[in-house]
Every structure is written in structure tokens, then in C-alpha cells.
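J.: Protein sequence lines, in the order shown, are assigned to chains A and B. At position 26 of the first sequence the residue is numbered 26 (our numbering), and the sequence of numbers has no breaks. At position 166 of the second sequence the residue is numbered 251 (our numbering), and the sequence of numbers has no breaks.
Treat the hints with care, as some may be off.
[Said to hold, decoys possible] With a straight-line cut-off of 20 Å between C-alpha atoms, the simulated DMTMM-like cross-links for lysine to aspartate or glutamate are:
1. A/Lys66 - B/Asp116
2. A/Lys67 - B/Glu265
3. A/Lys52 - B/Glu124
4. A/Lys67 - B/Glu205
5. A/Lys66 - B/Asp120
6. A/Lys75 - B/Asp116
7. A/Lys66 - B/Asp243
8. A/Lys59 - B/Glu202
9. B/Lys131 - A/Glu24
10. A/Lys75 - B/Asp120
11. B/Lys131 - A/Glu80
12. A/Lys52 - B/Glu265
13. A/Lys52 - B/Asp116
14. A/Lys59 - B/Glu205
15. A/Lys59 - B/Asp262
16. B/Lys220 - A/Glu68
17. A/Lys75 - B/Glu124
18. A/Lys67 - B/Glu236
19. A/Lys66 - B/Asp234
20. A/Lys66 - B/Asp114
21. A/Lys66 - B/Glu202
22. B/Lys266 - A/Glu55
23. B/Lys220 - A/Glu80
24. A/Lys67 - B/Asp234
25. A/Lys66 - B/Glu265
26. A/Lys48 - A/Glu11
If you are wondering where the hints come from, they were derived from the structure by calculation, not from laboratory data. Quick caveat: nothing in here was measured; it's all calculated off a predicted structure.
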Amino acid sequence: MKISTLFISCEEAKHICDKTQYQEATSWERLKLGIRRSWCRITQAYVKKNNKLTELVEKSDLNCLKKEERHNIKKQFEEELAKHQ
Amino acid sequence: MAKHHINPNNWISSYSDYLFNYTISRVNDRDMAQDLVSETFLAGLKSMANFKGEASERTWLVSILKRKIIDYYRKINSNKGKAEVRMNYNSDTETEGDWMEERVADPFDKTAEDKLENSELGNAIHNCLEKLPKKQAEVFKMKTILGHDTETICNGLDITASNLWVIIHRARTALADCMEKNWF
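Isolated chain B (complex conformation) (with noise of 0.2 Å):
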């Protein structure tokens, strides 16, 4: 089996973006995602020496990631175990019997498998995203994941529209084949 090697340099711009999406699928809080996907790179920096070459840079990065993500819960649970649990019931007497309905899951809510789906949907569109020139990658995620303008996009990178949109058409383009191949 082909050794994969360790290049710490190109960990921020070829896995920072995954991670985070990774992470915050699971964390649902922007700051705590940054705080560790920044912390699993510094982890990965000091473990290096472990690194076997068996599995993907980024698959080693996740692995550190998972059990980053844990450690957190770990710790919020924690914190929460030592809090008052306090639920309101309805006291009304006409409604009296009705509490257990008015605890049913909420049918329009996102379901568990709904959720995994659209995380395994996400880490889809980012290989994909991966496999596209640097350029094309980075003005796509301005345009369509950070919803910045076109008039931001274009002072920030130092392009013209018609530059801009060029290059969205040419990201989309390669974007929809690869999830074509790999995603239905």
C-alpha cells in the first residue's frame, strides 16, 4: 500500500475549510469549531513523530478532530451535570394530561439521519471543492458559502466581474460533474 506522507505546510489551505465544516456540523458553534479545528492542527504538529503513513493526512487530522470534538462534550456535560434540571409543565387544568404531547418531537424539526446526510452531503461538495484550482475553490466559497457580493469579491481579490464570473461558471461546471460521479 502507497505511504502517504506529512507535509505540515499546506495542512491550513487544503484541510482548514473541511475540518471546520466537520466540525461544525457537530458543534453548531462557529467560535468553538474555530477554537478546535485550530487546536487538532496544533495537536497534529506535536504528534507528527506518530504519523504512519497508513491513512490520509486528513484522515489523521479527523481522527484528532473526533476526539477533540468528544473531549468537548465530555466537558460540557460535565458542567451540565452539575446544573438544576428545571422543566415548566402546563398547569392548566383543561390541558392537564396533555404534557406528554406537548413533548413529542416536533415533526418539521431536522431528523438525526437528516442531519447525517446532509453532513455526509457537505464532506461530498468539499472533496469535490478539493479537487478544483485553488482559485476557482476560493471564489466559489466567497460567492456561495459566505453569500459575500460580487462587488466584495471582486475589490478583495483583485478581479473584475466578468473575471468573477467566469471562474464561477467553470468551478460550477467541474462541481456538478463531480457530484454527479460521486454523489447520486
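Only chain A is shown next, with the shape it has when bound in the complex (with noise of 0.2 Å):
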């Protein structure tokens, strides 16, 4: 294996980070993560914000319509929106 493997640029970095908040980052993805989290400020900063944000979407109990929730919802509107028109 080549150590330059190992090595993964910021944007990398950044974008296995943004898979990690999913759960979908391979163990693999992660130590390249936590490699260049040891040494990289903009990375160690990224990481620190966006594990945040997670942890705030977490803890508010977000909801939102599904998609054919809203269609729904939406539907019933434009016809009562159609005889206001």
C-alpha cells in the first residue's frame, strides 16, 4: 500500500465528513479523515461544524411533509385555490 494513499486533500476530507454525518463513510474514509483532521486546522474546524449542525438537527425533532404528503396537501389547495381565481 502507498503511504500517499493515506493523504487526502481538504475537499476530500470535507466531503467524507459530510458522509460521516449519514453513517455512509467506509472505516477506510474515516482514517483518511482522522489523518488529515491531526494536522489540518480548515479540516479540524469543517469537521467541528458540521458534527454541530448534526447534533442541532438531531436535537430539535425536525419534521417535514413527504413528498406526496405535500402533493396531497398541495392538491387539495389549488383546487379550492381554483375557485377563488
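With the hints as a guide, dock the two chains, each given alone in a separate frame, to form the complex.
T.: Spelled out as C-alpha cells, the structure:
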């Protein structure tokens, strides 16, 4: 294994960090992110900010409509709207 | 003071998620929340003539929604009043007298204050989401709030996985910046 494969760019580190928020990064990717994070301040700041955002979203119990739910509301509303226009 | 204008054509795309989040944190029932949001839009449409433009459209719709939520609780409370209240006390003689402790609130249960703070936090995130470009907000909501997997979103929106991650990255960066300014 080439040692250079362990070193990634800042952009790639940010991409892996995003995937980590959704548990979609592999162990290998997380290792590479960890190495980059150990010395790169930009990556450190990005990881911190990104983790904080995930924490806030989880804490907020945020909800939104599913596509079909919004579609049903929209359909009903548009029928009524048509009567007003 | 600047007058706000009313445009019902944008209501669903602009306010449905905000109103739904507002409602579900108060009624805790997904189907009921959808009904209340839908009723709010229809009531808004009927009383458009009463919109004076002193508050934003969203504030005005929330005021209608609040009344709908109060009516909903009035209705279920009047039904509850008709029902018999049953409480099961422990009849074991050894633990007699412990009934009050049994009914002390669970310390690990969410307190009203926690719920209020989380609801405000949810509103703050929604406010930031409204500032994002439509596509970014849509992808972020599908991925982060609804928890759809990458493949489902890519198929649904006809985008590639790398497109999706670029959109997610931009949305997360903008949201984190917005939350930093408005929440901390």
C-alpha cells in the first residue's frame, strides 16, 4: 500500500465528513479523515461545525412533509384556489 | 412600515414544512398535523380579504394555525371529559404508601422547557432552510430530516450521487453559517 493513499485533500476530507454525518463513510475513509484532521486546521474546523449541525438537527426533532403528503395538501389547496381565481 | 403582500400560489412551497413542523411538535400525530396544515391553508384562502399586510404571510398563517390547534385540543378534551378516568394503584400491601412515588414524573422524560427549546430550535433551522436555494433545501430535507437513502433521492430527483453530495455540502455549509449567526 502506498503511504500517499492515506493523505487526502481538504476537499476530500470535507466530502468524507459530510458522508460521516449520514453513516455513509467507510472505515477506510474515516481513517483518512482522521489523519487529515490531526494536522489540518481547516478540516478540524469543518468537522466541528458539521458535527454541531448534526447535533442541532437531531436535538430539534425536526419534521417536514414527505413528497406525497405535500402533494396531497397541494392538490386539495389548488382545487380550492381555482375557485377563488 | 413596509406592507406585506399576499400570494397564495406560493404558500405550499414556502410554508407547508414550517407549518407542519410547528404543528407536529404540538399535536404529536402526523396525520392530524397534515389535516391541520391543510385546513389552515384553506381557511387562509377564505379569509384573504382580512390580511392587512402588517405581519408577514407566514405569521398570519401561523396565527390561523394556532386557532386550529386550540380547536383540536378543545375537541379532544371535550371527548375525554365524557370518558371514565381509570387509574391503577398498586394493591400490594408491602409497597402500600409508595403510590405517590410511582406517579412522580420520570426524570428522564422530556420536560416542557426542553420541548419548548427544541421547538424553537426547529423553527430556527426552518428559518435557515427557507434561505437556501430550493433544490438545496429539498435535498437536505430528504436526506437529513426524512432519512431517505442516497439512491432513492438520486432516482427521485434525477441527479447523480456526486451531484447529491455537492448539494448536501453546500446546504450544510450555508445552514451551519446561518445557525451560527442566529442560534448561538
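J.: Each hint needs a verdict: does it hold in this structure or not?
T.: Status of each hint after checking the structure:
The hinted pair formed by A/Lys66 and B/Asp116 meets the criterion: a straight-line CA distance of about 12 Å does not exceed 20 Å. Restraint check for A/Lys67 and B/Glu265: the C-alpha separation of about 29 Å exceeds 20 Å, so the hint is violated. Under the criterion of a C-alpha separation no larger than 20 Å, the hint pairing A/Lys52 with B/Glu124 is inconsistent with the structure, at around 36 Å. Between A/Lys67 and B/Glu205 the alpha-carbon distance is near 24 Å, which puts this suggested pair outside the 20 Å criterion.
About 14 Å separates the Cα atoms of A/Lys66 and B/Asp120, which keeps this hinted pair within 20 Å; it holds. A hinted pair counts as satisfied when its Cα atoms are at most 20 Å apart, and A/Lys75 with B/Asp116 qualifies at roughly 16 Å. Our distance criterion of 20 Å between C-alpha atoms is met by A/Lys66 and B/Asp243, whose separation comes to about 17 Å. For a cut-off of 20 Å, the pair hint linking A/Lys59 to B/Glu202 stands: about 9 Å separates their Cα positions.
Restraint check: the Cα-Cα separation between B/Lys131 and A/Glu24 comes to about 47 Å, which exceeds 20 Å; the hinted pair is violated. With a C-alpha separation of about 13 Å, the suggested pair A/Lys75 and B/Asp120 falls inside the 20 Å cut-off, and the hint holds. Among the hinted pairs, B/Lys131 with A/Glu80 is consistent with the structure: their alpha-carbon atoms are about 9 Å apart, no more than 20 Å. Of the pairs offered as hints, the one joining A/Lys52 and B/Glu265 holds, with about 10 Å between alpha carbons and a cut-off of 20 Å not exceeded.
The straight-line distance between the Cα atoms of A/Lys52 and B/Asp116 is roughly 31 Å, outside the 20 Å bound, and the hint therefore fails. Pair hint A/Lys59 plus B/Glu205 holds up; C-alpha atoms about 11 Å apart against a cutoff of 20 Å. A distance of roughly 18 Å separates the Cα atoms of A/Lys59 and B/Asp262; the hinted pair therefore holds under the 20 Å criterion. Proposed proximity of B/Lys220 and A/Glu68 is supported: the alpha carbons are some 17 Å apart, at most 20 Å.
Distance restraint check for A/Lys75 and B/Glu124: the Cα-Cα separation of roughly 13 Å lies within the 20 Å cut-off, and the hinted pair is therefore satisfied. Under the criterion of a C-alpha separation no larger than 20 Å, the hint pairing A/Lys67 with B/Glu236 is consistent with the structure, at around 16 Å. Taking the CA atoms of A/Lys66 and B/Asp234, the gap is about 14 Å. The hint holds against a cut of 20 Å. Proposed proximity of A/Lys66 and B/Asp114 is supported: the alpha carbons are some 14 Å apart, at most 20 Å.
Straight-line distance between C-alpha atoms of A/Lys66 and B/Glu202 comes to about 24 Å, which puts the hinted pair past the 20 Å bound. Taking the CA atoms of B/Lys266 and A/Glu55, the gap is about 17 Å. The hint holds against a cut of 20 Å. With a CA separation close to 27 Å, the supplied pair B/Lys220 and A/Glu80 exceeds the 20 Å bound. At most 20 Å may separate the alpha-carbon atoms for a hinted pair to count; A/Lys67 and B/Asp234 meet this at roughly 15 Å.
Of the supplied pair hints, the one linking A/Lys66 and B/Glu265 is violated, its CA atoms being roughly 27 Å apart against a limit of 20 Å. Between A/Lys48 and A/Glu11, the direct Cα distance comes to roughly 15 Å. Compliance with the 20 Å bound is thereby established for this hinted pair.
Comparing the model with each earlier hint shows violations of hints 2, 3, 4, 9, 13, 21, 23, 25; every other hint is respected.
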